[in-house]
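Asks: Sequence:
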Amino acid sequence: MKAPNPPPDTSKFYEKLPNLQENPQEFTRFMSVAMSLDSQGEYLHWDKLRFKPLPQFLPENVTLEEYWHAIKFNRATSSKPLPFVPKDKEDIPFSFCRPDCLLADLRHIDIKAGGMVSTGHEAIGHEDSQRYLTRSILEEPFSSSVLEGAATTRLKAQALIEQGEKPLTKDDRMVLNNYKAMMFIKEHIDSDLTPAIILECHKIITDGTLDRPEMAGQLRDNNDIVVGDEYGEIFHEPPNFTELEKRLQTLCEFANAGEGENSLYIHPITRAIILHFILAYDHPFIDGNGRTARALFYWSALRSGYWIIEYISISKIIKNAQVKYGKAFLYTETDDNDVTYFIMHQLDVIKRAIAELEKYLDRQKTKYKNTENLLSAETLNHRQKHLLTELIRKRVFVITIDKHQRLHDVSYLTARKDLDDLRKDKWLTKKNVGRKYYYYPGRALENLQNQQTN
Numbered sequence: 248m249k250a251p252n253p254p255p256d257t258s259k260f261y262e263k264l265p266n267l268q269e270n271p272q273e274f275t276r277f278m279s280v281a282m283s284l285d286s287q288g289e290y291l292h293w294d295k296l297r298f299k300p301l302p303q304f305l306p307e308n309v310t311l312e313e314y315w316h317a318i319k320f321n322r323a324t325s326s327k328p329l330p331f332v333p334k335d336k337e338d339i340p341f342s343f344c345r346p347d348c349l350l351a352d353l354r355h356i357d358i359k360a361g362g363m364v365s366t367g368h369e370a371i372g373h374e375d376s377q378r379y380l381t382r383s384i385l386e387e388p389f390s391s392s393v394l395e396g397a398a399t400t401r402l403k404a405q406a407l408i409e410q411g412e413k414p415l416t417k418d419d420r421m422v423l424n425n426y427k428a429m430m431f432i433k434e435h436i437d438s439d440l441t442p443a444i445i446l447e448c449h450k451i452i453t454d455g456t457l458d459r460p461e462m463a464g465q466l467r468d469n470n471d472i473v474v475g476d477e478y479g480e481i482f483h484e485p486p487n488f489t490e491l492e493k494r495l496q497t498l499c500e501f502a503n504a505g506e507g508e509n510s511l512y513i514h515p516i517t518r519a520i521i522l523h524f525i526l527a528y529d530h531p532f533i534d535g536n537g538r539t540a541r542a543l544f545y546w547s548a549l550r551s552g553y554w555i556i557e558y559i560s561i562s563k564i565i566k567n568a569q570v571k572y573g574k575a576f577l578y579t580e581t582d583d584n585d586v587t588y589f590i591m592h593q594l595d596v597i598k599r600a601i602a603e604l605e606k607y608l609d610r611q612k613t614k615y616k617n618t619e620n621l622l623s624a625e626t627l628n629h630r631q632k633h634l635l636t637e638l639i640r641k642r643v644f645v646i647t648i649d650k651h652q653r654l655h656d657v658s659y660l661t662a663r664k665d666l667d668d669l670r671k672d673k674w675l676t677k678k679n680v681g682r683k684y685y686y687y688p689g690r691a692l693e694n695l696q697n698q699q700t701n
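First residue of the sequence shown? That's 248 in the working numbering, and the numbers climb one at a time after it.
It should be emphasised that the hints constitute simulated quantities derived from the structure, not laboratory data.
Incorrect hints may have been included.
[As the list claims (entries may be wrong)] What follows is a list of derived Cβ distance ranges for each label pair:
no., residue 1, residue 2, range
1, Tyr687, Arg354, 57 to 63 Å
2, Leu350, Arg640, 19 to 25 Å
3, Asp667, Pro460, 41 to 47 Å
4, Leu350, Asp256, 55 to 61 Å
5, Ala323, Thr613, 46 to 52 Å
6, Lys677, Val657, 32 to 38 Å
7, Lys606, Phe304, 15 to 21 Å
8, Ile481, Asp256, 21 to 27 Å
9, Asp468, Pro271, 57 to 63 Å
10, Pro330, Asp458, 29 to 35 Å
11, Leu457, Leu350, 40 to 46 Å
[To be verified] In silico lysine-lysine, PhoX-like type, Cα no more than 20 Å apart, as pairs:
no., residue 1, residue 2
12, Lys678, Lys664
13, Lys563, Lys403
14, Lys359, Lys678
Just so you know, even glycine gets a beta-carbon here, dropped at the ideal spot from N, CA and C.
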């Protein structure tokens, strides 16, 4: 990844503003440029803007740099401050803007992620989610691990998470840890965020994967950490480790902030994205910062009621365009710590992830309906129908009570009754191996499979 070209120094332009104001014609021309930008629908960094042709609406003789200064002037008048300071205290504090294109993306996500999810057939609400989305919850733990370099497969992730297979390698451990971290944050969405919760989340994420095992759940104790590439180019040097405790507390206060009369309103998804950015910027741990940052995003979004976020994978989208992810951080750092660039990038990631989930849902509903038509005469609950569907499609070959319990988040007794009732009706057969019972397709299920293939 190549570092972005730094923008022209806007401060020098601002020094000329008093003189510019003395020339009404020039000042009017500048202001007409600045006030005409919101309608363009893009929020570009200088690194991209410098290759764009100047818009036709600009007055004659406006240079590219003047156009950039007008953009910066317009953004400065509408930017919102954030309570986070950059590594170098003399730098401009973090802030963000709310251009129309950002608000439009947030509106799209509000519609898609907070209520019903549309498919080609019908809408699906939260109550139906387990019926169709059970397996999609595996995608983020898997993709987040691969994004950080783990060599694994979805089948392996499924075996680790659904079947309780023991992790044998560091890569296995990363996948399982990420899943456990997702379950951990779900348990704490009704609690205020604290440094202790973040540290525990990091401990879960990095358990058994660090070269220094004692640093799991601990803030880094040195500054021997930089963000760079394989060629030795350094893109980011995090804040001093002596500041991390205070910075983590500030992060928690921001995460828990209410929307009082005197406080700045920040959209819940925007707040979740900013949490992701700041923790990654601070890099408070020797490893696992990206995974912990993304876990905080999920915590914040779920806490605000965006239930569908649990089933999308932002890491899967990021993994397919890692350079854009990295540049979203760099655009912010190289342009007066304007976090809007990262917010806009992540909103696009979320929109893409939701679109992929909708396609997946549409496929799932079609497959389930085909099978359920065959099962319609049977008095089975949705968990049992889900299991039989998975067995018919040969996505599952054997089931245990423990696995069924974990998959549907029910009690052990409920899971056992589900399977034993299926066994009594010959949908399943049961075999005792050691001290554990395994359930396999029975005669009734084999007959149904034959009907579907004929």
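Asks: If a hint holds in the structure, say so; if it doesn't, say that too.
Replies: Verification of the hints:
1. The given range of 57 to 63 Å is broken by tyrosine 687 and arginine 354, whose C-beta atoms sit roughly 49 Å from each other.
2. One distance hint, 19 to 25 Å for the beta-carbon pair leucine 350 and arginine 640, is violated here, with the actual separation near 42 Å.
3. Restraint check, aspartate 667 to proline 460: a C-beta distance of roughly 42 Å satisfies the suggested window 41 to 47 Å.
4. Distance hint for leucine 350 and aspartate 256: a CB-CB separation of about 30 Å, inconsistent with the stated range 55 to 61 Å.
5. Against the hinted window of 46 to 52 Å, the Cβ-Cβ separation of alanine 323 and threonine 613 comes to about 51 Å, which satisfies the hint.
6. In this structure the supplied range 32 to 38 Å is violated for lysine 677 paired with valine 657, their Cβ-Cβ distance being about 19 Å.
7. A hinted range of 15 to 21 Å for the beta carbons of lysine 606 and phenylalanine 304 is inconsistent with their spacing of about 38 Å.
8. The given range of 21 to 27 Å is respected by isoleucine 481 and aspartate 256, whose C-beta atoms sit roughly 22 Å from each other.
9. Distance hint for aspartate 468 and proline 271: a CB-CB separation of about 59 Å, consistent with the stated range 57 to 63 Å.
10. Look at proline 330 against aspartate 458: about 34 Å separates their beta carbons, and that is inside 29 to 35 Å.
11. In this structure the hint that leucine 457 and leucine 350 lie 40 to 46 Å apart at CB holds, the actual value being about 41 Å.
12. Simply put, lysine 678 and lysine 664 have alpha-carbon atoms about 16 Å apart, close enough for the 20 Å limit, and the pair holds.
13. Between lysine 563 and lysine 403 the alpha-carbon distance is near 16 Å, which keeps this suggested pair within the 20 Å criterion.
14. Restraint check for lysine 359 and lysine 678: not satisfied, since their Cα atoms lie roughly 44 Å apart, outside the 20 Å limit.
The structure shown violates the earlier hints numbered 1, 2, 4, 6, 7 and 14.
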